[in-house]
Amino acid sequence: MTEPAALVEARGLSLRFPVRRGLWGRAKAFVHAVDGVSFSIARGETLGLVGETGSGKSTVGRILVRLQEPDAGRVLFEGEDLLALKGRALREKRREFQIVFQDPMGSLNPRMRVGDIVAEPLLIHRLGDRRERRARAESLLARVGLDGSSLDKFPHEFSGGQRQRVGIARALALDPKFIVLDEPVSALDVSVQAQVVNLLQDLQEERGLTYLFIAHGLQVVAHMSTRVAVMYLGRILEIGLAEDLFRRPLHPYTRALLAAVPEPAPNQAAPPPLLGELGSAVDLPPGCRFAPRCPLVKERCLQEDPVLRELGTGHQAACHLVES
Amino acid sequence: MSRAEYTHVACFLFHPSPLIAHPSSKLPISSRGISLQSSTIAPTLAPVYPYGMSALLEVQDLRVEFPSAKGPVTVVEGASFTVAAGEPVALVGESGSGKTLTALALLNLIPPPGRIAGGRVLFNGRDVLGFSPAMLQAFRGKEAAMVFQEPLSALNPVMTIGRQVTEAVSAHERVSKQAALARAERLLGRVRMTDPKRILSAYPHQLSGGMRQRAMIAMALASGPALLIADEPTTALDVTVQAQVLDLLNELRESEGMALLLITHDLGVVARAAARVYVMYAGRIVEEATVRNLFEAPAHPYTRGLLRSLPRLGRRERRLRAIPGAVAPPGSFHAACAFAPRCDRVDEACRNSVPALLQPSPGRAVRCLFPLDPPKEQVAP
Numbered sequence: 029m030t031e032p033a034a035l036v037e038a039r040g041l042s043l044r045f046p047v048r049r050g051l052w053g054r055a056k057a058f059v060h061a062v063d064g065v066s067f068s069i070a071r072g073e074t075l076g077l078v079g080e081t082g083s084g085k086s087t088v089g090r091i092l093v094r095l096q097e098p099d100a101g102r103v104l105f106e107g108e109d110l111l112a113l114k115g116r117a118l119r120e121k122r123r124e125f126q127i128v129f130q131d132p133m134g135s136l137n138p139r140m141r142v143g144d145i146v147a148e149p150l151l152i153h154r155l156g157d158r159r160e161r162r163a164r165a166e167s168l169l170a171r172v173g174l175d176g177s178s179l180d181k182f183p184h185e186f187s188g189g190q191r192q193r194v195g196i197a198r199a200l201a202l203d204p205k206f207i208v209l210d211e212p213v214s215a216l217d218v219s220v221q222a223q224v225v226n227l228l229q230d231l232q233e234e235r236g237l238t239y240l241f242i243a244h245g246l247q248v249v250a251h252m253s254t255r256v257a258v259m260y261l262g263r264i265l266e267i268g269l270a271e272d273l274f275r276r277p278l279h280p281y282t283r284a285l286l287a288a289v290p291e292p293a294p295n296q297a298a299p300p301p302l303l304g305e306l307g308s309a310v311d312l313p314p315g316c317r318f319a320p321r322c323p324l325v326k327e328r329c330l331q332e333d334p335v336l337r338e339l340g341t342g343h344q345a346a347c348h349l350v351e352s
Numbered sequence: 012m013s014r015a016e017y018t019h020v021a022c023f024l025f026h027p028s029p030l031i032a033h034p035s036s037k038l039p040i041s042s043r044g045i046s047l048q049s050s051t052i053a054p055t056l057a058p059v060y061p062y063g064m065s066a067l068l069e070v071q072d073l074r075v076e077f078p079s080a081k082g083p084v085t086v087v088e089g090a091s092f093t094v095a096a097g098e099p100v101a102l103v104g105e106s107g108s109g110k111t112l113t114a115l116a117l118l119n120l121i122p123p124p125g126r127i128a129g130g131r132v133l134f135n136g137r138d139v140l141g142f143s144p145a146m147l148q149a150f151r152g153k154e155a156a157m158v159f160q161e162p163l164s165a166l167n168p169v170m171t172i173g174r175q176v177t178e179a180v181s182a183h184e185r186v187s188k189q190a191a192l193a194r195a196e197r198l199l200g201r202v203r204m205t206d207p208k209r210i211l212s213a214y215p216h217q218l219s220g221g222m223r224q225r226a227m228i229a230m231a232l233a234s235g236p237a238l239l240i241a242d243e244p245t246t247a248l249d250v251t252v253q254a255q256v257l258d259l260l261n262e263l264r265e266s267e268g269m270a271l272l273l274i275t276h277d278l279g280v281v282a283r284a285a286a287r288v289y290v291m292y293a294g295r296i297v298e299e300a301t302v303r304n305l306f307e308a309p310a311h312p313y314t315r316g317l318l319r320s321l322p323r324l325g326r327r328e329r330r331l332r333a334i335p336g337a338v339a340p341p342g343s344f345h346a347a348c349a350f351a352p353r354c355d356r357v358d359e360a361c362r363n364s365v366p367a368l369l370q371p372s373p374g375r376a377v378r379c380l381f382p383l384d385p386p387k388e389q390v391a392p
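Heads up: the protein sequence lines correspond to chains A and B, in order.
All residue numbers for the first sequence refer to our numbering, where the first residue is 29 and numbers rise by one.
All residue numbers for the second sequence refer to our numbering, where the first residue is 12 and numbers rise by one.
Extracted from the complex, chain A is given alone in its bound form:
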């Protein structure tokens, strides 16, 4: 492949939600869900986005597919400013990016037949006639491993893994270029997760798809991703090639996160876990947002908010203390 061109680019995304309001309804405090997040995703690659609950990783995913409008920042899709699009132009563009959610039971309409669920995006975009849409739904379902009899079944008749396959088939209906996968296997039985992960990888290869893979399970992110970004309280603390990041984590938070992963292997001396819990995104500390839990914290960390610095080829971390 030649120089990978960015398919999707996030520039300085920020989104805050008001949490306390004053007498006249004016917001007095905000949750900084996403706070200055920038990255790019090359065509055909998978960017893994990891973080704990409340890190803002899902919000970033939703912003990229315009399910959520940011307060600031830009999203470039093939160089075009996605946030500037409106009406018909936006609707046309939506065909090119899709999202798959964590809980297929919550994201599939329980009263619709699976064939109609998968064909719905085609209906919305007025593609094909009834018969063509049904044929397309059938072939999509076949591709994700569900036979023709599933067309007329309802979501509750399927197992969790099969429902997630339906969600994936729906996301593929419009032949998108980019798919946000928001915890696509977290709700599935352990013995079924690998099937869905393999399916997602096969589809990516076959169709040249680009993924943003959001998950809290580090092992599966390491397996799926070309590059990985680690988020904490709305900010990316470290980003780099998956291999570099997992083999040579730079940020103290990434290191703690890796140390905490319970590996299915006994007799591994488990390092002492990180103290405390994710802080509040309402009252952010003036310095580094990880400082209150950081084992290496120094005076400077409490005053100065670190920014992402290049510390290796394509490997960046936001920490005052790490050297390249």
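In short, the hints are calculated from the structure, not lab data.
Among the clues, some could well be false.
Computed footprint of chain B on chain A; a stretch qualifies when at least three of its residues, placed anywhere within it, have a C-beta under 8 Å from a C-beta of chain B [what the hints assert, rightly or not]:
1. 224-233
2. 239-247
3. 282-292
In silico negatives: residues of chain A with every beta carbon more than 10 Å from chain B [to be verified]:
4. Arg48
5. Arg154
6. Lys181
7. Asp203
8. Gly315
9. Val335
One side of the interface only, derived from the structure: several residues of chain B facing chain A at Cβ under 10 Å [said to hold, decoys possible]:
10. Leu248
11. Leu257
12. Leu278
13. Ala284
14. Leu317
15. Ser320
Since we're looking at a predicted model, the values are computed, not measured.
Just so you know, even glycine gets a beta-carbon here, dropped at the ideal spot from N, CA and C.
Starting from the known structure of chain A, arrange chain B on it as the hints suggest.
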């Protein structure tokens, strides 16, 4: 089950148990070179007690049924296992494996219309299933306590943590309000809550998930139970907090001399927190092993399949080795191995009978007609 009942389970008194827990590193690694072909068929597991002299908990042939339009469905089918005093044991399984119902049955807490259709639950030699309501009340919390997955639904949202913990303290003992409060504060300190005094007056919603789970554990410890049953205690928590809570459970197990029965779907949690493990699939125990044996030489094709299918940090593969098919619903295989439709070693015989539990060596058992070979290397005598 009502919230009141749940709260009740997590209640009791304080009599420090003198039992001593052995570090898992001292577990004898028994019997790894013994061939499975020469094994005997064990109808129930002969108990092995690497930890204490005798079993604290001995479950024999436990059956749990739920009624359905087509007759009763057996969701736990002939489960037999033991937990020694001070021992950390895991019961691992996916959804529908029957692991949670097995745990609830230990406290005679199967929610109706489900019922315990057979078997015995011996706790220090007495059958819990034959207890009168009064005996059960005295037993739950005081001798065996339970911690649940979602502390937010197990805690009462309109009562302060202090009140809930003191309630647990005074459930099995007459103590003054002051003394109960003082003890609640000490308990919160023991589960590593910073600033226990402040936590006493907090409501559950004001605490983080990890703090709420610590509060639940404090309540469970209040009467110094000999067995703590933890049902997916860290599943709802973030990974860094999960590590803290697992380590806390094992610290407490050692310092209080408590046995720990950990119910989980996560093999990583098993590796981090247990010494011995029972694997359940579709209502049956399919494998028993020390944690080390299980990971190094799984005997059941299901266990091996699970271990192989997990992505691992340091092991980069292009494709995962997935187990085909979906998890079998419980009770759907009366006369066959429930894993047969997904198994790569399946034979006609697997579809015609439920495999017996083979016991190739003490402390090792597998329910399979074609178990995997044990590791080749011999353990030095």
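Hints versus structure:
no.	hint	result
1	224-233	holds (count 3)
2	239-247	holds (count 3)
3	282-292	holds (count 9)
4	Arg48	15 Å, holds
5	Arg154	36 Å, holds
6	Lys181	14 Å, holds
7	Asp203	24 Å, holds
8	Gly315	20 Å, holds
9	Val335	24 Å, holds
10	Leu248	9 Å, holds
11	Leu257	7 Å, holds
12	Leu278	4 Å, holds
13	Ala284	8 Å, holds
14	Leu317	6 Å, holds
15	Ser320	4 Å, holds
The earlier numbered hints are all upheld by this structure, with none contradicted.
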